[in-house]
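A.B. asks: For reference, the chains in residue letters:
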Amino acid sequence: MSEGDEDMTDFNLKTGKTLGIYAFSLGALYLIVGLLEVLGGYGESIPGDLFGGLALVVVATTYLSGVKGTLNGDYKGLSLLMGGLFLSAVFGILYLLMLGADGLMYLLGEAEEIPGLVDFRPAIWFFILSLPLIHHIRNMTQKTTW
Amino acid sequence: MNEFSGDKAEIILAERRYKAITDILESTVNKTDENAWTYTDLFDHVFLHKFLGIPIFLALFWATFQFTFVLSEPFMVIIEMIFGWLGSLAEAGIGNPHLASFVSGGIIDGLGSVLVFVPPIFTLFLALSILEDSGYLARAAFVMDRIMYKLGLHGRSFIPLMMGFGCTVPAIMATRSMDNESDRLITILVNPLITCGARLPVYVLIAGVVFGAGQAGTAIFSLYIMSIALTIIMAFTFRKTLLKGKPSPFILELPAYMVPTAKTVVLHMWERGKVFLKRAGTIIFGTVIIIWFLSMHPWAATAGGELVGNSYIASLGHYIEPLFAPFGWDWMAAVALVFGFLAKEVVVATYGILLGVGEEAVGASLIKLGLFTPLTGYAFMAFVMIYVPCIATIGIISKETNSYKWPIFVTVYLTALAFLIAGLIIGVGRLLGFS
Amino acid sequence: MTTIALIGNPNVGKTELFNRLTGLKQHVGNWPGVTVEKKTGKYTNGGEVIDVVDLPGTYSLTAQAKDELIARNYLILDRPDVVINIVDGTKLERNLYLTLLLLEMEANVVMALNRWDLVKEKHIEVDTNKLSQSLGIPIIPTVATTGEGLEELKKAVMKAVQTKENRQKNGLTYGEDVEQAITGIETSIKKDWNLSKNYPSRWLAIKVLENDTQALDLIKDSPQKREIMGARG
Chain A
1 MSEGDEDMTD FNLKTGKTLG IYAFSLGALY LIVGLLEVLG GYGESIPGDL
51 FGGLALVVVA TTYLSGVKGT LNGDYKGLSL LMGGLFLSAV FGILYLLMLG
101 ADGLMYLLGE AEEIPGLVDF RPAIWFFILS LPLIHHIRNM TQKTTW
Chain B
1 MNEFSGDKAE IILAERRYKA ITDILESTVN KTDENAWTYT DLFDHVFLHK
51 FLGIPIFLAL FWATFQFTFV LSEPFMVIIE MIFGWLGSLA EAGIGNPHLA
101 SFVSGGIIDG LGSVLVFVPP IFTLFLALSI LEDSGYLARA AFVMDRIMYK
151 LGLHGRSFIP LMMGFGCTVP AIMATRSMDN ESDRLITILV NPLITCGARL
201 PVYVLIAGVV FGAGQAGTAI FSLYIMSIAL TIIMAFTFRK TLLKGKPSPF
251 ILELPAYMVP TAKTVVLHMW ERGKVFLKRA GTIIFGTVII IWFLSMHPWA
301 ATAGGELVGN SYIASLGHYI EPLFAPFGWD WMAAVALVFG FLAKEVVVAT
351 YGILLGVGEE AVGASLIKLG LFTPLTGYAF MAFVMIYVPC IATIGIISKE
401 TNSYKWPIFV TVYLTALAFL IAGLIIGVGR LLGFS
Chain C
1 MTTIALIGNP NVGKTELFNR LTGLKQHVGN WPGVTVEKKT GKYTNGGEVI
51 DVVDLPGTYS LTAQAKDELI ARNYLILDRP DVVINIVDGT KLERNLYLTL
101 LLLEMEANVV MALNRWDLVK EKHIEVDTNK LSQSLGIPII PTVATTGEGL
151 EELKKAVMKA VQTKENRQKN GLTYGEDVEQ AITGIETSIK KDWNLSKNYP
201 SRWLAIKVLE NDTQALDLIK DSPQKREIMG ARG
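Chains as they are written, first to last, in this note's numbering: chain A, 1 to 146; chain B, 1 to 435; chain C, 1 to 233.
Calculated directly from the structure, the hints in this document are not laboratory data.
Given the structure is predicted, the values throughout are model-derived calculations rather than measurements.
Hints are not guaranteed to be accurate.
[What the hints assert, rightly or not] What follows is a list of derived Cβ distance ranges for each label pair:
1) 129/A with 28/C: 31 to 39 angstroms
2) 403/B with 47/C: 50 to 58 angstroms
3) 318/B with 103/A: 39 to 47 angstroms
4) 368/B with 144/A: 52 to 60 angstroms
5) 114/A with 281/B: 35 to 43 angstroms
6) 123/C with 17/A: 24 to 32 angstroms
7) 402/B with 109/A: 50 to 58 angstroms
Even for Gly, the Cβ is constructed at its ideal location relative to N, Cα and C.
Just chain A, same shape as in the assembly (with noise of 0.2 angstroms):
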């Protein structure tokens, strides 16, 4: 969109840095989980889940390609971040409530406990984690229009 104007940047590189460094931890910790996920789980709150798990991987690429550009301050990086955040949200919000759901079966008999801490999904915390993220972001494009 702007062009040749290579040492104007988008936004103030101090601010890329510390989104750049956020966005690459939770890119990292989508991936690892995702991975997990597809390979056949760890533990008892992350399960096996072929398609949960790619997912969760496309959600980590998305955040990690997004990094170097937002490092450099470059909208471009940063609408990479945002697409993350928005896929963080998607998934979270699934995940929560497919928990709902679960409770609700068991309301009505038809499973046999009600669903606890350990069965949160850990795309459920990523999203809580994701949530600064967003603040900081809502707050960097006030001016922006739809």
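Add chains B and C to chain A, keeping to what the hints say.
C.D. replies: Same frame as chain A, but now just chains B and C:
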């Protein structure tokens, strides 16, 4: 003067017009924020990304199905409970055995088994409405168009095809917006391959039975992917054989993203969902009555409906059974498929009536009777997905193509393809050791 | 009986504007012979009933596409009293192409510059007076989703109906070389009384120059055909 003939003139005139526009705008419009990124620009960069665009689309699509299946499960259970209770009330309370059987075994079991699927259908439509109203669906069209163009499908057919996920009839009507007759015909011919809302009850039922709650969503997702893949393959085939040529180039307009309002989303969901309810009240109800009658008679032989195996419908089923035996499907499946010709939901209704003796839900009965294994069940779902469009679709194809030959062609090729694919699934599955 | 037509690119808010103007008094049918939807409605303004025809949303008016041909034929043959050209204010560059084509057909155009709220939000400064002067047509900013600008639009339409005969026929001048070619063809067309009675001769000349399939079809039975094609070269 003669330098301007023909195409050259057209191009020159277009250029001059654009130049005039640029000149006019230069002196009248000042865009101060020209280079500022909007939210739409930002999200488009990620959703239309050369490499990430399709994986993201697939991930969101998968999430949609997980959402649909898992969320609607408790609500389906609630509806099942209500119908079960109504059923036993009817049986106990109604004196006349014929009437009791009709109300309990026919209406409640038959119609009820279909209405149980209102939650997943409405949830799916809710998700589709959100994707559409937010503006994302247009991006998905754009992303898929990159592949579609290479395979002979016109980008403009994406919207009619997407509508096919709801119901094939309005989807085929939507092809009127397509100019190129070949493109339009191809879109009409492959549209029935897009799995419509009526088949969802079948998937939810069978997938739930053979794959269990955890994997059912993924199984259904795979069927939707298969549906899209077959659509693209058949479109490609038609493009190369029957209707040669290249698709005309297409400009796709991407509206700005917006956060959809609850009001419009629910409205759109209801618009699509009420079609399902209307069909339930009419075609399905009518067919259910016929099936009930056939399964309860001869009255004496079936002992008032208890011994379904002695009924007319069973005789019909056994007669056709050999056709489907290689796939591991029994006479009930055969009969369900035959009546499914009228409306796909009837496949479920048929089972509802045939199995609905007692308080157990259809799904539970299916599990208990072991009528399907994961392999045969999956093949069955694929078959239902592909074979024969429902009667309403055949009607609309005839109307929109102004002929009888095309609907007949569609019926024939779809049935053949269904047998082929189901056969492939069974064959490969048996090779891999499944039963 | 006053009839106006609504035309514009797809997705500019034409449907909202049509709904705002006609309310529930709408009727949906088909354009004769084709499966394209035809929407009509009416509204009253200053005691007069105005019939509104909603033309298909198009980017251009070539003879190639079904819906473009419908729009074009309606404008040329039915000659509505006013044509409201709905333009998305945030996408002027693309939308104005259609406007120029309308002016070429000598349609009586009033522009509804829609999405005015977005124009303001995006800090786009549009000098509507100057734009109006350059194009030679009235320009009314509107926000179809809220109804802002609607009354001014209706007033402008009324005024345009009243000044229909006396308005200046604007259109683009294409540059000396092209103009010469156009004039040559136009002169020949004018010699055919039938053609010049039914179609604006300059418009027809331009279409012939562009090798437009419908235009060529229109002149094929003309006694002036040889001369017209000769002038075209």
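A.B. asks: Sort out which numbered hints this structure fails and list those numbers smallest first.
C.D. replies: Per hint list: single violation, 1.
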